[in-house]
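2 protein chains.
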Amino acid sequence: MSLDDAATKPHERMQAALADDLAAVGDLIRARMASQHAPRIPEVTAHLVEAGGKRVRPMLTLAAARLCGYDGDAHQKLAATVEFIHTATLLHDDVVDESQKRRGRPTANLLWDNKSSVLVGDYLFARSFQLMVETGNLRVLNILSNAAATIAEGEVLQLTAAMNLATTEEIYLQVIRGKTAALFEAACEVGGVISGQDERVVTALATYGDGLGVAFQMADDLLDWGGAGGEIGKNTGDDFRERKLTLPVIRAVERADADERAFWKRTIEKGDQQDGDLEQAMDLLRRHGTLEETRDVANGHVANAKAALSILPEHPLREMMIDLADYVVARLN
Amino acid sequence: MSLDDAATKPHERMQAALADDLAAVGDLIRARMASQHAPRIPEVTAHLVEAGGKRVRPMLTLAAARLCGYDGDAHQKLAATVEFIHTATLLHDDVVDESQKRRGRPTANLLWDNKSSVLVGDYLFARSFQLMVETGNLRVLNILSNAAATIAEGEVLQLTAAMNLATTEEIYLQVIRGKTAALFEAACEVGGVISGQDERVVTALATYGDGLGVAFQMADDLLDWGGAGGEIGKNTGDDFRERKLTLPVIRAVERADADERAFWKRTIEKGDQQDGDLEQAMDLLRRHGTLEETRDVANGHVANAKAALSILPEHPLREMMIDLADYVVARLN
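In the order they appear, the protein sequences are chains A and B.
Heads up, the final residue of the first sequence is numbered 333 in the numbering used here, and it's a clean run with no missing numbers.
Heads up, the final residue of the second sequence is numbered 333 in the numbering used here, and it's a clean run with no missing numbers.
No lab work stands behind these hints, which were simulated from the structure alone.
Since this is a predicted model, take the numbers as computed values, not measurements.
Positions of the beta carbon are idealized from the N, C-alpha and C atoms, including for glycine.
Keep in mind that a hint or two might mislead.
Stated by the list, open to error - Covered stretches of chain A (chain B as the covering partner; in silico rule of three or more C-beta atoms under 8 Å from a C-beta of chain B):
hint, stretch
1, 38 to 45
2, 90 to 101
3, 107 to 116
4, 124 to 130
5, 137 to 150
6, 154 to 166
To be verified - Pairwise CB distance ranges, derived in the manner of DEER restraints:
hint, chain 1, residue 1, chain 2, residue 2, range
7, A, Gln36, B, Glu269, 37 to 43 Å
8, B, Asn164, A, Arg261, 56 to 62 Å
9, A, Ser99, B, Ala166, 49 to 55 Å
10, B, Ala19, A, Pro42, 43 to 49 Å
11, A, Arg139, B, Glu269, 49 to 55 Å
12, A, Gln36, B, Gly104, 35 to 41 Å
13, B, Ala46, A, Glu279, 41 to 47 Å
14, B, Gly271, A, Pro42, 23 to 29 Å
15, B, Ala46, A, Ser99, 43 to 49 Å
Stated by the list, open to error - Stretches of chain B that chain A covers, calculated by requiring three or more beta carbons in the stretch to come under 8 Å of a beta carbon on chain A:
hint, stretch
16, 127 to 138
17, 151 to 162
18, 179 to 192
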């Protein structure tokens with residue numbers, strides 16, 4: 001690894017390594033979000049697509065395929081599919097969460113309206129299915145339609161799990177798989193499938209994607225509590241205020257004594273939050289060690305993700321994927 | 001046709017003829033709307049699915065397949081697919097239209113919330129894709145994913161065409177194809193494809209479905225203006241109040257003199273509606289003959305639909321499909 005390489009972030013190095021593929025995917029996305037009669041569709045889509053997300057998901061598909069020696073162009077269609085599914089999910093999420101900002105810009109539901117976000121999201125879902133059907137690969141269709149169902153189920157689960165102290169770790173894992181890991185997993189897996197790899201390789205890629213996605217979401221949830229050290233800053237406490245149960249809280253609730261239980265009941269279930277409650281919640285998480293535990297669990301998923309890649313051939317993209325896994329938890333360590 | 005047959009409606013006769021298939025489709029729907037951890041999903045879905053829609057769309061798939069001599073069971077999966085797509089669309093429509101009632105019952109967005117309607121709709125879309133992928137028939141996947149895109153595009157188009165006097169007949173046709181005819185068409189077409197029919201038969205079934213769907217939606221739009229005679233009743237005027245442009249209005253606007261144009265501009269574009277405006281609008285439609293014309297156009301689509309079926313073999317289901325086409329405009333004649 002040269003000094004230059006070390007200075008850039010792994011997803012930036014992937015962007016450079018996959019520049020041609022990514023340009024083709026960008027062209028595909030622009031072509032497929034067009035609509036002759038309904039200009040609202042490309043307007044809303046472009047607002048989100050051009051807002052400069054990191055395109056991690058389509059890059060995973062491209063990287064997995066290239067790493068497996070694929071030299072066709074169906075992986076570009078799959079990468080665009082994955083990005084459309086992701087964009088559709090974001091549009092609907094912002095309606096559900098009544099969000100005002102996404103990637104530092106006003107959300108589509110705010111700029112246009114909820115109706116446009118719902119319907120344009122539906123359009124992008126349909127477009128994503130058209131794109132994947134064009135590959136003519138039934139296994140790929142199976143993987144991606146299953147992922148779409150897991151995503152939607154996870155979102156509904158999150159809706160009903162919020163504010164509910166009975167939420168278990170199992171449910172939490174299902175929620176974050178729906179929210180993040182299912183699409184990461186499918187993105188990697190279809191890259192292997194389209195390359196005609198055997199079961200072992202395909203499973204390894206899926207395992208990598210799942211581990212990466214779970215660790216990524218856990219890290220995000222942990223950072224909302226100020227990381228493993230638990231330091232309150234301007235980016236902390238959103239989940240507490242929105243009464244969302246993430247791993248540090250679920251474990252602390254599990255071990256709560258009567259007084260602590262009453263505290264969680266009041267703040268999370270009843271939503272009666274007062275000054276100092278965030279500090280007290282943080283204090284409980286620290287006292288029960290659940291912030292550090294969450295970091296450890298996330299690190300475990302990263303270790304699994306990296307280990308899975310060991311059966312793949314040596315390749316610069318494989319190293320970048322390994323570095324990417326480290327990177328998602330580097331913010332915590 | 002026996003006296004008994006003549007007394008029942010064509011879709012009721014189809015229901016009887018396809019009773020076994022429909023029971024299997026009902027079982028499939030119940031099995032696939034389940035969710036182990038998110039009971040909200042079957043609750044919301046059941047509310048709509050069990051509310052007693054006529055299931056015309058899945059019946060068209062079943063009828064088309066049986067009429068073509070199909071004796072497998074993939075047509076049942078496709079019928080369930082079509083019903084899931086339809087149900088997902090209804091859930092999202094009710095959010096977009098802020099509807100309070102559907103099939104005589106409170107809508108899901110009212111009973112639960114918009115969030116649940118959006119996310120459960122997404123789940124049903126994903127489930128519908130899983131189901132169609134299970135058939136392993138790429139042509140079917142192509143047809144249904146195209147239909148899903150046409151539906152979503154039509155919905156966005158309707159959103160931007162509402163309140164806009166520049167809406168053309170072409171745009172209106174695209175809106176009603178998205179709203180109704182695209183799924184009718186796909187429902188019939190996949191019945192032929194799954195039966196392994198040749199191009200001629202598949203195209204005939206698609207043409208029938210399109211004509212049926214277009215006529216059905218035009219009839220609906222015309223009844224909102226009191227039918228070809230234009231009589232104001234308790235079920236008329238919703239589209240006028242919601243400032244939706246349907247065929248009778250589009251043609252009347254096209255032929256409007258300066259005063260009439262000012263009237264449409266005020267009532268539809270600006271939404272400034274006063275007592276007596278509905279009567280005056282109706283008067284303009286009658287004067288320009290656009291209500292009768294709309295009936296004639298709808299009848300033309302029915303004639304096309306029926307003519308298309310002539311190349312299919314004689315079969316009781318073919319007769320019921322022909323009767324069904326007559327039935328959708330019988331309300332107008």
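Comparing the hints with the structure gives:
Evaluation of the coverage hint for the stretch 38 to 45 of chain A: fulfilled, as 4 residues show C-beta separations to chain B shorter than 8 Å, against a requirement of three. A stretch counts as covered by a chain when three or more of its residues have a beta carbon under 8 Å from one of that chain; for the stretch 90 to 101 of chain A and chain B the count is 3, and the coverage holds. Counting residues of the stretch 107 to 116 of chain A whose CB lies closer than 8 Å to any CB of chain B gives 3, which reaches the minimum of 3, so the coverage claim holds. Counting residues of the stretch 124 to 130 of chain A whose CB falls under 8 Å from any CB of chain B gives 5; the rule of at least 3 is met.
Proximity of the stretch 137 to 150 of chain A to chain B, defined as three or more residues with a beta carbon under 8 Å from a beta carbon of that chain, is established by the 7 residues found. Coverage of a stretch by a chain is defined here by at least three residues with a beta carbon nearer than 8 Å to that chain's beta carbons; for the stretch 154 to 166 of chain A and chain B the count is 5, and the condition holds. About 23 Å separates the C-beta atoms of Gln36 of chain A and Glu269 of chain B, a value inconsistent with the hinted range of 37 to 43 Å. In this structure, Asn164 of chain B and Arg261 of chain A meet the distance hint of 56 to 62 Å, their C-beta atoms being roughly 57 Å apart.
Between Ser99 of chain A and Ala166 of chain B the Cβ separation comes to about 33 Å, which falls outside the hinted range of 49 to 55 Å. Between Ala19 of chain B and Pro42 of chain A the beta carbons are some 46 Å apart, a value that agrees with the proposed interval 43 to 49 Å. A beta carbon spacing of about 52 Å between Arg139 of chain A and Glu269 of chain B agrees with the range 49 to 55 Å that was offered as a hint. Between Gln36 of chain A and Gly104 of chain B the beta carbon distance is about 37 Å. The supplied range of 35 to 41 Å therefore holds.
Evaluation of the 41 to 47 Å hint for Ala46 of chain B and Glu279 of chain A yields a pass: the beta carbon distance comes to about 44 Å. Between Gly271 of chain B and Pro42 of chain A, the C-beta spacing of about 27 Å keeps the proposed range 23 to 29 Å intact. Checked against the given bound of 43 to 49 Å, the beta carbons of Ala46 of chain B and Ser99 of chain A, roughly 30 Å apart, lie outside it. For a cut-off of 8 Å, the count of residues in the stretch 127 to 138 of chain B with a CB near a CB of chain A stands at 6, and the three-residue condition holds.
Restraint check on the stretch 151 to 162 of chain B versus chain A: 8 residues with Cβ-Cβ distances below 8 Å, three needed, restraint holds. For the stretch 179 to 192 of chain B, the assignment as covered by chain A is violated, since 0 residues bring a beta-carbon within under 8 Å of that chain's beta-carbons and 3 are needed.
Of the numbered hints stated above, those contradicted by the structure are hints 7, 9, 15, 18, listed in ascending order.
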